[in-house]
Amino acid sequence: MVDDRLIIAGREFKSRLWVGTGKYKDFVETQKAIEVSGADVVTVAVRRVNITDRSKENLLDYIDPKKYTILPNTAGCYSVDDAVRYARLARAAGVSDLVKLEVLGDERTLFPDTAGLIEAAKILIKEGFVVLPYTNDDPIVAKKLVDIGCPAVMPLAAPIGSGLGIRNPYNLKIIMETVKVPIIVDAGVGTASDAALAMEYGADAVLMNTAIAGAQDPIAMAEAMKYAVHAGRLAYKAGRIPRKLYATASSPIEGML
Amino acid sequence: MPDTIQILVNGEARAWRRGATVADLLQDLEITIERVAVELNLEILDRASFPRRPLEEGDRVEILSFIGGGSEERTKWRFGHGVIRRTGR
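Those sequence lines, one after another, are chains F and P. Numbers given in our numbering equal positions in the first sequence, counted from 1, plus 1173. Numbers given in our numbering equal positions in the second sequence, counted from 1, plus 3.
Be aware that a few hints might be false.
[Unchecked claim] Covered stretches of chain F (in silico footprint by chain P; criterion: 3 or more residues with CB under 8 Å from a CB of chain P, positions within the stretch not fixed): (1) 1207-1218; (2) 1256-1263; (3) 1396-1405; (4) 1414-1423.
[To be verified] What follows is a list of derived Cβ distance ranges for each label pair: (5) P:Arg-20 <-> F:Arg-1178: 49 to 57 Å; (6) P:Arg-20 <-> F:Asp-1199: 30 to 38 Å; (7) F:Gly-1183 <-> P:Ala-26: 29 to 37 Å; (8) F:Asn-1344 <-> P:Leu-11: 42 to 50 Å; (9) F:Pro-1342 <-> P:Ala-51: 45 to 53 Å; (10) F:Lys-1295 <-> P:Ser-52: 21 to 29 Å; (11) P:Asp-31 <-> F:Val-1201: 56 to 64 Å; (12) F:Asp-1226 <-> P:Pro-57: 23 to 31 Å; (13) F:Gly-1267 <-> P:Glu-59: 48 to 56 Å; (14) F:Val-1201 <-> P:Thr-35: 44 to 52 Å; (15) P:Asp-6 <-> F:Asp-1226: 26 to 34 Å; (16) P:Leu-45 <-> F:Arg-1184: 28 to 36 Å; (17) F:Pro-1238 <-> P:Ala-26: 21 to 29 Å.
[Unchecked claim] Only part of the chain F face toward chain P is listed, based on derived beta-carbon distances under 10 Å: (18) Thr-1203; (19) Ile-1224; (20) Thr-1225; (21) Asn-1231; (22) Leu-1232; (23) Asn-1382; (24) Met-1429.
Keep in mind the hints are simulated off the structure, nothing from the lab. The beta carbon of each residue, even a glycine, is placed where N, CA and C say it ideally should be.
The following block holds chain F by itself, in its conformation from the complex (with noise of 0.2 Å):
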């Protein structure tokens, strides 16, 4: 699949599965797990340096942003100012024009506040930058975000870190249908077969974290789902046979006895 590239903004990418870098062990491990998922595409999130203790390594020693697209995120914003400040300070930090913009509802759900999240879009698309929106799995809200100018959206499966796998796929399935921009199926994959579904269903990519890095083996997790990923985005593009009640026989009738 050498010709098989995701291309959003412009910008072309080769691995289909995106990950986070939160919650790994330590470095050597999150920069293990990256290498081993094939992911392309990895998720940051800005926050205050430590001036007390300066001797600690600083992730991006880990994760060569030449080798990899850095991918800022506003997770743990919950109001439009919060984001919008978290999107310009990454921003300013100088990896790209690139955000995976969050604005989060409620703490228990993390459910994203999707009007703010519009609202949010709307001025930082006017500043330039490229906003991949985290949404929830409402196809009329995935519209919206594309009108304004998002060129592609990222709608949950389930709760972030919930690993519920893909709770609506129905809804996934009319997004996928009515807007006409990538899209990258975000947070609540629990295993490779939620992976491998939601590329069967026809999502672009999809970005997960806590599956790989909070199983039992992230290492091998990781590879699982770059095979889940893979394997899933092939058989969408081989198309499925349709669901019947009946058995049909695979052996031919003629020539028995």
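Please arrange chain P on chain F, whose structure you already have, making use of the hints.
Frame of chain F; chain P shown alone:
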């Protein structure tokens, strides 16, 4: 006039020498300016302006960088490296 000023750096009160610029502050803190963002009294500074921005009494400076993160935010990160402490339930 005392030769030190009081400033807030990432929420911590610090006494700093008068006349120091943002670039001096970063150098003194041994922070490489690559891949950090600096906010001075809520204004995000252009990296090129760091040597031209002197610090003044009462300034609030925020120095930020990239850390590990997916979407998760039920966890509280220790800044700058990958160790996490759970908060909430």
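Verification of the supplied hints:
no.: 1; hint: 1207-1218; in the structure: holds (count 3)
no.: 2; hint: 1256-1263; in the structure: holds (count 3)
no.: 3; hint: 1396-1405; in the structure: violated (count 0)
no.: 4; hint: 1414-1423; in the structure: violated (count 0)
no.: 5; hint: P:Arg-20 <-> F:Arg-1178: 49 to 57 Å; in the structure: holds, 53 Å
no.: 6; hint: P:Arg-20 <-> F:Asp-1199: 30 to 38 Å; in the structure: holds, 36 Å
no.: 7; hint: F:Gly-1183 <-> P:Ala-26: 29 to 37 Å; in the structure: holds, 34 Å
no.: 8; hint: F:Asn-1344 <-> P:Leu-11: 42 to 50 Å; in the structure: holds, 46 Å
no.: 9; hint: F:Pro-1342 <-> P:Ala-51: 45 to 53 Å; in the structure: holds, 49 Å
no.: 10; hint: F:Lys-1295 <-> P:Ser-52: 21 to 29 Å; in the structure: holds, 28 Å
no.: 11; hint: P:Asp-31 <-> F:Val-1201: 56 to 64 Å; in the structure: violated, 30 Å
no.: 12; hint: F:Asp-1226 <-> P:Pro-57: 23 to 31 Å; in the structure: holds, 27 Å
no.: 13; hint: F:Gly-1267 <-> P:Glu-59: 48 to 56 Å; in the structure: violated, 25 Å
no.: 14; hint: F:Val-1201 <-> P:Thr-35: 44 to 52 Å; in the structure: violated, 21 Å
no.: 15; hint: P:Asp-6 <-> F:Asp-1226: 26 to 34 Å; in the structure: holds, 27 Å
no.: 16; hint: P:Leu-45 <-> F:Arg-1184: 28 to 36 Å; in the structure: holds, 31 Å
no.: 17; hint: F:Pro-1238 <-> P:Ala-26: 21 to 29 Å; in the structure: holds, 22 Å
no.: 18; hint: Thr-1203; in the structure: holds, 6 Å
no.: 19; hint: Ile-1224; in the structure: holds, 5 Å
no.: 20; hint: Thr-1225; in the structure: holds, 7 Å
no.: 21; hint: Asn-1231; in the structure: holds, 7 Å
no.: 22; hint: Leu-1232; in the structure: holds, 6 Å
no.: 23; hint: Asn-1382; in the structure: holds, 2 Å
no.: 24; hint: Met-1429; in the structure: violated, 57 Å
In this structure, the earlier hints numbered 3, 4, 11, 13, 14, 24 are contradicted, and the remaining ones agree with it.
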